[in-house]
Amino acid sequence: MRSLQREPGVLLALLAVVALVAIFIVYPQVRVVVTPGGSYTEFLAGGTWMKPFVNSLQVMALSTVSAVFLGFVFAYAMVYTDMRWKPLFKVIGILPLLSPPFVVAASYLLLFGPRGMITYGVFGQTISIFGLGGIWGVQTIAFFPFAYQLIADVLSRSDARMEQAARNLGAGPWTVFRTVTLPLSRPGLGAAILTTAIYVLEDFGNPWVVGGQFTVLPTQAYSLISGFGDFTSAAAVSTILLALALVLYVAKVRLDGGRSFVTVSGRASSMPRPPVPGWLSSACFAACSVLCGMIVLVYGSLVVSAFTLTFPVNTTFTTSHFAFIFSGANGVALRNTLVYGLAAATFSAPFALLAGWLVQRGTWRGRGLLDLLLIMPAAVPGLFFGVGYVLAFNERWLDWLSSGGLLIILAMIFWNVPVGYQAAVAGLRQVDRSMDEAARSLGASSLRGFRDVLLPMLGSSLRVGFITTFVRAVTTLSVVIFLFTSGTTVATIRIFQLVNDLDWGGATAFTVADIGMAMAALGIIAVLARGRVALGGARA
Amino acid sequence: MARVLRNAATAAVASETPTQPGEIHLRLDHVTKRFGETPAVDDISFEVPRGSFATLLGPSGCGKTTTLRMIAGFYDPDKGDIVLGGRRINDLPAHRRGAAMVFQDYALFPHMSVEDNVGYGLRVSGVAKDERDRRVRETLEFVGLGALGDRWPNQLSGGQQQRVAVGRALVLEPQVLLLDEPLSNLDAKLRVQLRWELRALQQRLGMTFVYVTHDQDEALSLSDWIAVMNAGKVEQAGTPWEIYYHPRTSFLADFVGAVNLVPGTVREVRGDEVVVAFGERTVTVRRPSGLALAAGREVRLCVRPEALALRPPAADPDGFRLPGIVARRAFLGDLMRYWVTVDGREWIVDQPDPGAAADFDGPVTVAVKPERIHVIAE
Chain A
1 MRSLQREPGV
11 LLALLAVVAL
21 VAIFIVYPQV
31 RVVVTPGGSY
41 TEFLAGGTWM
51 KPFVNSLQVM
61 ALSTVSAVFL
71 GFVFAYAMVY
81 TDMRWKPLFK
91 VIGILPLLSP
101 PFVVAASYLL
111 LFGPRGMITY
121 GVFGQTISIF
131 GLGGIWGVQT
141 IAFFPFAYQL
151 IADVLSRSDA
161 RMEQAARNLG
171 AGPWTVFRTV
181 TLPLSRPGLG
191 AAILTTAIYV
201 LEDFGNPWVV
211 GGQFTVLPTQ
221 AYSLISGFGD
231 FTSAAAVSTI
241 LLALALVLYV
251 AKVRLDGGRS
261 FVTVSGRASS
271 MPRPPVPGWL
281 SSACFAACSV
291 LCGMIVLVYG
301 SLVVSAFTLT
311 FPVNTTFTTS
321 HFAFIFSGAN
331 GVALRNTLVY
341 GLAAATFSAP
351 FALLAGWLVQ
361 RGTWRGRGLL
371 DLLLIMPAAV
381 PGLFFGVGYV
391 LAFNERWLDW
401 LSSGGLLIIL
411 AMIFWNVPVG
421 YQAAVAGLRQ
431 VDRSMDEAAR
441 SLGASSLRGF
451 RDVLLPMLGS
461 SLRVGFITTF
471 VRAVTTLSVV
481 IFLFTSGTTV
491 ATIRIFQLVN
501 DLDWGGATAF
511 TVADIGMAMA
521 ALGIIAVLAR
531 GRVALGGARA
Chain B
1 MARVLRNAAT
11 AAVASETPTQ
21 PGEIHLRLDH
31 VTKRFGETPA
41 VDDISFEVPR
51 GSFATLLGPS
61 GCGKTTTLRM
71 IAGFYDPDKG
81 DIVLGGRRIN
91 DLPAHRRGAA
101 MVFQDYALFP
111 HMSVEDNVGY
121 GLRVSGVAKD
131 ERDRRVRETL
141 EFVGLGALGD
151 RWPNQLSGGQ
161 QQRVAVGRAL
171 VLEPQVLLLD
181 EPLSNLDAKL
191 RVQLRWELRA
201 LQQRLGMTFV
211 YVTHDQDEAL
221 SLSDWIAVMN
231 AGKVEQAGTP
241 WEIYYHPRTS
251 FLADFVGAVN
261 LVPGTVREVR
271 GDEVVVAFGE
281 RTVTVRRPSG
291 LALAAGREVR
301 LCVRPEALAL
311 RPPAADPDGF
321 RLPGIVARRA
331 FLGDLMRYWV
341 TVDGREWIVD
351 QPDPGAAADF
361 DGPVTVAVKP
371 ERIHVIAE
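Residue numbers (the numbering used here), protein chains in the order written: chain A, 1 to 540; chain B, 1 to 378.
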């Protein structure tokens with residue numbers, strides 16, 4: 001505390017961070033949970049949320065298990081085998097992270113819907129693909145790449161030296177994996193599973209597009225608002241959703257913070273992993289080929305649809321869909337997407353870095369609480385976050401916020417703060433305290449030392465925060481779905497609307513443009529950083 | 001504003017440095033620092049004269065680094081005052097204290113060249129570019145790195161990095177230079193060489209150095225003044241000579257060099273002399289100053305291995321003689337170390353220059369001059 005009084009600059013920065021967190025993270029969420037009006041409790045007593053609640057749990061269990069299983073196979077193959085085409089698989093595995101997850105549902109309809117390319121085109125069938133089975137299948141495909149990234153991260157951090165040691169002591173590859181790798185990675189794997197479960201639980205777009213009569217909590221909340229304008233009941237549903245997500249998140253944090261053996265050594269890659277048998281490599285290669293084939297099929301059909309007249313009926317090449325999305329209101333939506341994403345990333349990453357520095361390097365009381373608040377949005381379903389912003393800031397005197405798109409940018413910034421914050425804290429842990437102390441003992445104030453010494457050394461944290469925030473901002477649907485106005489639409493909203501209107505050409509062209517934007521941003525950052533860039537979103 | 005103040009402070013220090021030898025420059029007054037419940041530094045007080053090389057010596061966890069970091073301003077003391085140059089600095093932030101620090105891992109900024117590292121403090125305090133360049137050049141010459149200004153830290157050897165770290169702190173002409181085990185990451189030979197360089201540097205500048213180390217050789221060879229710390233307290237402070245030959249506790253005697261500590265009982269105090277019985281024998285030694293002794297008091301006799309000599313069994317050397325048997329020995333290059341059993345207790349005896357001396361085995365006589373025996377009260 002005394003150190004803060006002596007350095008007013010740091011105190012000021014801290015007060016600013018606390019104020020922003022209080023206004024844009026804490027207040028909106030409190031507003032959802034304690035919405036005024038009697039219909040809140042009435043709604044809860046009515047029990048119409050019971051069915052979606054059970055549905056949500058059911059879908060979460062099914063999709064998480066299947067996505068984690070596929071993700072694990074993919075991750076094991078990538079980390080442990082020396083199969084062919086690894087770089088290609090790696091690139092294909094990143095692709096889904098750069099797109100709005102719900103476009104998988106759109107692609108699914110194109111392929112398997114009533115007039116789908118495979119069901120109708122190949123087999124001449126029109127089967128019902130809506131409902132639980134549809135959501136399960138779509139979410140499995142949409143989220144296994146996320147599970148793969150999380151699990152691969154955990155597996156690759158396990159220490160190869162220990163596996164070599166176990167082999168040296170006479171254990172076979174399977175025994176090593178069962179008795180050394182798995183026990184060491186268990187907390188990390190548990191955390192990866194729970195994180196995937198959170199993604200599945202808060203997914204709104206996929207269940208909306210292919211769920212049909214099968215309602216889950218996020219789609220129920222959306223219907224309540226879009227159909228009846230009933231914000232109070234929607235807030236109640238969102239709160240239930242939040243409670244579920246928080247349970248998962250707290251469990252994940254306990255696993256993460258617990259016995260995390262795998263992170264003990266920072267130079268685990270100094271030794272190659274023991275080789276796996278040839279047949280296993282081949283099996284892994286086959287599995288990865290199938291999985292990547294599915295991803296290519298999903299995104300390939302989107303691209304083909306974007307360039308053909310009415311896929312799959314009329315496959316004449318056309319650029320008219322792109323002419324459509326670049327013109328008029330659509331063009332504005334695309335421009336908004338880019339501007340909002342850039343603005344959010346530009347502010348969110350440095351803000352998160354500053355906050356990370358204040359918390360990680362500070363000695364003041366209460367930094368544990370601030371740490372918790374800065375990470376919290378990672379556990380908050382996007383829909384809940386969006387509803388919170390509507391309830392908190394939809395005031396007449398704040399119209400200037402929403403009309404210029406500022407409210408959307410703010411939501412994107414603070415919903416993504418955990419990404420940059422965790423990257424910053426991880427980066428700061430790598431930099432010894434003696435660095436900032438050296439600057440201070442040479443006459444630089446704490447803030448000056450942060451700027452001159454730490455900031456240049458934390459470039460990679462800043463890049464991770466920037467690019468991940470940008471990608472998440474341009475691909476999120478649930479956060480912005482209640483916040484847009486006619487002048488502030490963004491790509492994901494338009495895709496959603498066009499899918500609802502069954503305008504497949506426009507929707508897929510929009511999707512291609514949106515993914516293209518995310519890929520371009522990642523590419524530019526990668527070139528600027530000479531390849532040293534990683535997406536951090538999967539770990540939030 | 002801050003810049004102006006700081007420049008003025010630096011200038012003032014530079015001009016007042018040569019005055020009044022022996023004047024107290026740094027004073028710690030009943031300083032306590034707790035981490036949780038356990039005190040890391042427990043009510044310590046000491047004074048460092050201006051222009052002296054002061055060393056805090058102790059085993060790891062004794063609180064020496066915590067003390068240094070409180071002087072630097074990285075930790076706040078829970079109690080007590082830290083006074084530098086007559087001014088209480090408890091409430092000054094680290095960057096206003098004029099106490100530059102050299103870190104154990106050097107903490108060179110990896111994204112700055114050697115020149116920029118050394119010039120960093122000057123840049124922060126707003127020194128104009130021309131003067132900055134000149135002073136950086138001079139400092140690099142001074143620490144023997146004149147040609148390496150445009151290198152990057154990771155292109156330097158450990159010893160060169162260490163010199164950059166020292167130069168980076170010295171260029172600011174700080175009130176006091178704080179050094180936290182700056183030589184411990186170097187290999188043995190270089191460590192000894194840089195030890196002499198540091199000492200020479202300090203004497204040339206007449207600057208106050210506060211040096212932290214766990215290496216007693218380093219402390220003895222470098223310092224004007226040593227404070228030996230243990231469990232958060234200063235066990236004893238004084239010149240290297242006092243610490244080595246007149247330790248006040250067994251811990252001190254044992255920590256600083258090899259030592260024979262033999263339990264005994266005071267028989268009689270005769271003016272400046274004291275008669276101590278140990279085992280079946282008695283010896284008359286000088287009474288240590290400032291130590292109240294009476295007959296019956298349990299004490300320890302403290303004698304350094306190199307103060308003992310081995311003689312053939314029948315010899316009759318001057319001084320006190322103890323018949324014993326060589327139990328084992330170790331050749332250490334510059335000396336031969338013997339463990340000799342005398343009355344069932346092992347004594348360590350160092351024989352210098354083994355190449356020129358006789359080799360002992362079996363029965364021997366351990367010869368010791370009583371004036372080389374120091375008495376510690378327990």
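Just so you know, these hints were derived from the structure itself, not from any lab.
Glycine included, each C-beta is placed from N, C-alpha and C at the ideal position.
Watch out, some of these pointers could steer you wrong.
[Claimed, not checked] Covered, in the sense of this in silico footprint (three residues per stretch, anywhere, with C-beta under 8 Å from a C-beta of chain A), are these stretches of chain B:
| id | segment |
| --- | --- |
| 1 | 86-94 |
| 2 | 118-125 |
| 3 | 169-178 |
| 4 | 336-343 |
Here is how each hint holds up against the structure:
Judged by the Cβ-Cβ criterion of 8 Å, the segment 86-94 of chain B is covered by chain A as claimed, because 4 of its residues qualify and three suffice. Given as covered by chain A, the segment 118-125 of chain B passes the check, having 4 residues with a CB less than 8 Å from a CB of that chain where 3 are the minimum. A stretch counts as covered by a chain when three or more of its residues have a beta carbon under 8 Å from one of that chain; for the segment 169-178 of chain B and chain A the count is 3, and the coverage holds. Proximity of the segment 336-343 of chain B to chain A, defined as three or more residues with a beta carbon under 8 Å from a beta carbon of that chain, is not established by the 0 residues found.
This entry does not satisfy hint 4, going by the numbered hints stated previously; all others are met.
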